[in-house]
Amino acid sequence: MNQQIRISLTDEVQGVLEYLKKNKYPILSYPEIIRVVLSQEVSKEIESTKGSEIEKSNSEPSSDELMALAQDAFYVNDKDEVEYFESDAKKPFTF
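If you want my numbering, it's the position in the sequence shown, counting the first as 1, plus 10.
Source of the hints: derived by calculation from the structure; they are not laboratory data.
C-beta atoms are modelled at their ideal positions from N, C-alpha and C, and glycine is treated no differently.
Please note that the accuracy of each hint is not assured.
[To be verified] Here are the simulated BS3-like cross-link-like pairs (lysine-lysine), alpha carbons at most 25 Å apart as the crow flies:
hint	residue 1	residue 2
1	Lys54	Lys32
2	Lys54	Lys31
3	Lys34	Lys54
[Claimed, not checked] Across the chosen pairs, the derived CB separations fall in these ranges:
hint	residue 1	residue 2	range
4	Glu70	Pro41	35 to 45 Å
5	Glu42	Leu76	20 to 30 Å
6	Ser73	Ser18	35 to 45 Å
7	Lys32	Ser53	21 to 31 Å
8	Gln14	Ser72	30 to 40 Å
9	Ser72	Asp21	41 to 51 Å
10	Asp74	Val26	33 to 43 Å
11	Lys54	Gly25	17 to 27 Å
12	Ser72	Val23	34 to 44 Å
Given only the sequences and the hints, what does the whole structure look like? Please build it.
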């Protein structure tokens, strides 16, 4: 199910996007920054619900469990979805 979200570029929204681009995501465009931030919020929500299941087992989550949580939270089967890897963040920022 694909849905579009329309966000008005008010001064406040533009200020936040500029801050995030300057300080956290210099290689991403505004739409990509919005996707990343939204996916992080979804990740937190999913982690809190699935995390409680892991806590019930009274054991430290394995790396496989953590990867599954992250994958479930980030990949939403969007046809325009962009995958980011750690190597992407290491690219030098040039004008």
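Right, here's what the structure says about each hint:
1. Lys54 with Lys32: Within the cut-off at roughly 24 Å; holds.
2. Lys54 with Lys31: Roughly 21 Å separates the two Cα atoms, so the pair holds.
3. Lys34 with Lys54: holds, 18 Å
4. Glu70 with Pro41: 35 to 45 Å: holds, 37 Å
5. Glu42 with Leu76: 20 to 30 Å: Roughly 24 Å apart at Cβ, these two residues keep to the hinted range, so it holds.
6. Ser73 with Ser18: 35 to 45 Å: Holds - the Cβ-Cβ distance for serine 73 and serine 18, about 41 Å, lies within 35 to 45 Å.
7. Lys32 with Ser53: 21 to 31 Å: Hint holds: Cβ distance 23 Å, inside 21 to 31 Å.
8. Gln14 with Ser72: 30 to 40 Å: Distance hint for glutamine 14, serine 72 holds at roughly 37 Å.
9. Ser72 with Asp21: 41 to 51 Å: Once the Cβ atoms are compared, 45 Å apart, the range 41 to 51 Å for aspartate 21 and serine 72 holds.
10. Asp74 with Val26: 33 to 43 Å: holds, 35 Å
11. Lys54 with Gly25: 17 to 27 Å: Taking Cβ atoms as reference, lysine 54 and glycine 25 lie about 23 Å apart, which means the hint holds.
12. Ser72 with Val23: 34 to 44 Å: Once the Cβ atoms are compared, 39 Å apart, the range 34 to 44 Å for valine 23 and serine 72 holds.
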